[in-house]
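> If you read the protein sequences in the order shown, they are chains A and B. Read in order, the letters of the first sequence correspond to residues 1 to 480 in the UniProt record's numbering. Read in order, the letters of the second sequence correspond to residues 1 to 300 in the UniProt record's numbering.
No wet-lab data here; the hints were simulated from the structure. Some clues are possibly wrong.
Simulated pairs of lysine to aspartate or glutamate, EDC-like, Cα-Cα distance not exceeding 16 Å [claimed, not checked]:
#	chain 1	residue 1	chain 2	residue 2
1	B	Lys51	A	Glu459
2	B	Lys265	A	Glu309
3	B	Lys51	A	Asp98
4	A	Lys435	B	Asp192
5	A	Lys438	B	Glu268
What follows is a list of derived Cβ distance ranges for each label pair [unchecked claim]:
#	chain 1	residue 1	chain 2	residue 2	range
6	A	Gln95	B	Ala36	45 to 53 Å
7	B	Met138	A	Asp131	29 to 37 Å
8	A	Pro58	B	Leu93	57 to 65 Å
9	B	Pro103	A	Pro58	37 to 45 Å
10	A	Lys183	B	Ser162	37 to 45 Å
11	B	Ile142	A	Glu175	29 to 37 Å
Glycine residues also receive a C-beta, built at the ideal position from the N, C-alpha and C atoms.
Residues per chain are reported as follows:
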Amino acid sequence: MKKGSRFSVSVLALMVTAGVLGACGSNNGNSPAANNAAGNTGGEGAAAKDTITALLPPVSPTYQENFKQMEADFNKLYPNLTLKIEPASWEDMTQKLDTQVNAGSPPDIAFIGSEGISKYKQLDMVLDITDTVTPEMVADIDEAPLEYMKNGDGLYGLPAYMEVHAIGGNKPFLEEAGIDWKKVQQSGWTYEEFREAIKKGVVKEGDTTKRYGFVFATAGVASKDYLAILVKNAGMPSPFTKDLKYAYTSPNYLEVLKAIRQMIDDGSMPKEISSVDAGKRWNMFLTGQTMITGKGLAVFENSSMKNNEKIDANDGSAVKDSVKTDYVVLPVPTFAGQPAASAAVVDGYVAFRGKKEPTAEHKANVVKAAYFLASGQVAAQTNGDLFAAQITDSGRKASESLPSKQSDYNKAAVQYLLSTAAPARPDIPAELGAKAIKLETEVIVPKFQALLAGETTPEKMFEDVKKAAVDTFGEDGVFK
Amino acid sequence: MARTASSNRNRLNRGDGAWGYAFIAVALVVYTLFTAYPVVSAFLISFQEYKPLGSTYIGLDNYTEIFKSSLFWKAIGNTVVYTILTVPVALILSFAVAVMIMPLRKWMQTTFKAVYYLPAVASGVALSVVWLWIFDPMQGGILNQLIGAFGIDSQNWLGASSTSMFSLVLMSWLSSHGTSIIIYVAALLGIDDSYYEAADIDGASFLQKMWHIVVPCLKPTTLFLLVTGVIGSFQVFQNAYLMTGGGPDHATTMVGLLIFDTAFKYFEFGEAAAQSLVLALMIGFMAFLQFKFLGKDVEY
C-alpha cells in the first residue's frame, strides 16, 4: 500500500471512529441542558436569547399544519426567544418522549395527558413551575383543569383542554327506540334505565343481530378506559379514596363488573366485544351496527358530519357501507345509586428538565412558551377544532370570532358533563399512583379481558383484584 | 542480502498486520459501542434502580423480584409453548417447500423463492393489520367465514384465551419462512449429484433418498435453522404486541413483551435489564443443549 493511501485510510478510519464516538457522546442539541447555555450566560436580563423545544403530536386535525405560524407568532411576541417545535405522531409520541426522558435529554415542553405527570415525576424529570407561572396566567386558566396539572405541591404544566370521556348515540336510532335523549343529556341516567334502553336498541334478523344497543372499544388496553369510565360513576371517582385507600376493593366495583357481563349476556353488546378496537367500534357506529358507542368524545360529532357530507356528495372516501348518522353526546350511567362523576381528561403542555438544573431565566421562558400554546388564539383554534370547551378566558375571547359547527344541544351536554367531572387528585403520591398503574396493567386489564370474553366471572375477577390490591397496598391500604 | 530481504518482508508483514487492525477498528468500535457496551450496561443496570438523573445500587433485588413474579414464569411458559409449536413446524414447512421447489426450472425457483421471501420484506405492522382483518371476531371475519362454511360457530380468535395463542401460532405457520426456504434450497444445491446417482443404481425410492441422503446432508443447515429459530422465537415480541397486547389474561404474554412493558410502561429499567439477562442465559443454555445433543456428528 502506498504511503499516501495508507495515510488517507488512516485519516478516514479515524474520522469515522471519532464521528461514531462523537455522535454517541455529544448531548442532544435540543436538550434543555444545551438550551440552557443561553440562560447560563446570564447577566443579560430578559433580553438573553434562548430556545425552547416542544414535542407536539397532532392534537387537532389542523394543529401540526400551524406549527410554522405558531413559531413565528411566538417569536414576534418574544423576539429574543425561539420556539422550536418537533412534531410527533400520536403513535410515536410516548416512545419518543420516553426515550428522550430516559436519556436525560427531554424537550422543554411535551404535550401529554395529565395522568402521565406522576410517571415522569417519579424519575424527577418534570419541572415544577409553581414559582414561575405569573398570577395573570393562573387567573386566565380555569381552576379545575389547572388542578389536573398538579402533583403533590407542584405544578408541572399548563392544560390545553379538558374533555370528558363519555358515550355517544345515533339520534335517529335513539328516537326509534323511544329514548328521550334530550332528558338524558340534561339529567343523566341510571344503569337500570340504560340497560333497558340498549335492549330496545337491538335489531335482529332471525338469529343474526343487525344492530347492537351498545358497543364500547375494549380490545387490548382500551378495556381499561371502559372500566375506568364506568367505575367513576359507581362512587369511585379515583382509584384512591380521600384517605388514600385503594378504592377498587369496594363492593360497588363488583356491581359494575356484574353489569358489564349482564349487558353482553342480554345480547345488547356483542359477545366478541373483547376484540372490538377503537376503529372497529367507530366503523360499527357509522355503518349503523350500533345505537350507542363508547368511548365518545364531543369531536365525534364533527367526524359524523364529515362522513354525512361525503355520503351526500357520493364521495368514495366515505366509510364503506356507512349510513348517515347524527352524533349525540350522552353521559355514562350511574351505578348503585351513586352520583355521576364524568371521566375528565386533561391534556396539556408539561415542562421537563434535563440532567442540568435549568436556570430561572430558561424556566421562565419555558413557562412563557407553554402559556402561549395553552391560551389565546392557539387554544381557541385547537379546542374549536376538537369541539372541546375553552378553558382559558383568553381562549374564550379569541374563539368568539371563530365559526363552530357544534350543535347547541351537544355543547350544553358537554357543559353538563364538565360540571360533574371527577376532581383532580394531586394529593395521590407518585409512588402510590405508579403502584396502581402496575396493578391495573398486570391484573385488572388481563382479568377484565377474560371477563369480557366470558372466561371468568365478575365475582372471581373481583376476588383476584382484591387479592392483588391487598398484596400491593397491604390490608390497611385498601377500602373495606 | 538474504537477511536484508527477509527483514524487509518482516517489516512489510508487520505493516500489513497493523493495517489489518486499522481496517477492523471501525467495525470493532461499532460493535463495542452498539453491542458490547449495551450488554455490559444492561448487566450493571440490572443491579440498580435506574433513574436518568442518578441510579441507586440495590444488589440482587431486581433478580429476586423477577424470580418471585408469577407473571414472569407465565411469560416463560407461554414463550416455550410458542417456540415448541412454531419452530419445528417452520422447519418442516420450509424443508418441504424447498424440496418441492428444487425440481423446477431456474426462473420458477427464483419466482417461488421471491414469493416466499416477500413477507420478510413487508412491514410487520402491515402484516399484522392484514392478520387482524383475517381474525376479525365478527361474522364478517375471513377466518370466521371459512369455518362458518363447515358449520362451526364464529370464534373470538384473539380475544379468548383458548384461541389467542393458537392464532399467533397460526400466523407464524403461514408466514415468514422465506429465509429458511432460501437457506434450505442453497443447502440442497450443495449435495453432490453422485450420491443420488449411486442411490438410483441401488434402486432407492424417493423417500429412501430423502432419509438416507438429504436429511443427513442437511443436518448442519437444520441445526443452524433450529438454533436461530429457537433464539428468534424466544425473543418474539412484535406479534404479541400488535395482535393481542399479551392478553387475554396474559395468555399470550411472551418474555419479550414483558420486558418491553417493564421498561417502557413502568420505567423499571433495572428489572427489565435483569429479565433480559435471564432470558439471554436461557437462550444460551438452550443453544448449548441443541449443539450438545444434535451437533455431535455435524461437520462444518
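> So, for every hint listed, does it hold in this structure?
Hints, verified against the model:
no.	hint	result
1	Lys51(B) with Glu459(A)	violated (39 Å)
2	Lys265(B) with Glu309(A)	violated (40 Å)
3	Lys51(B) with Asp98(A)	holds (12 Å)
4	Lys435(A) with Asp192(B)	violated (63 Å)
5	Lys438(A) with Glu268(B)	holds (11 Å)
6	Gln95(A) with Ala36(B): 45 to 53 Å	violated (25 Å)
7	Met138(B) with Asp131(A): 29 to 37 Å	violated (55 Å)
8	Pro58(A) with Leu93(B): 57 to 65 Å	violated (42 Å)
9	Pro103(B) with Pro58(A): 37 to 45 Å	violated (54 Å)
10	Lys183(A) with Ser162(B): 37 to 45 Å	holds (43 Å)
11	Ile142(B) with Glu175(A): 29 to 37 Å	holds (36 Å)
Violated hints, in rising order: 1, 2, 4, 6, 7, 8 and 9; the structure is consistent with all others.
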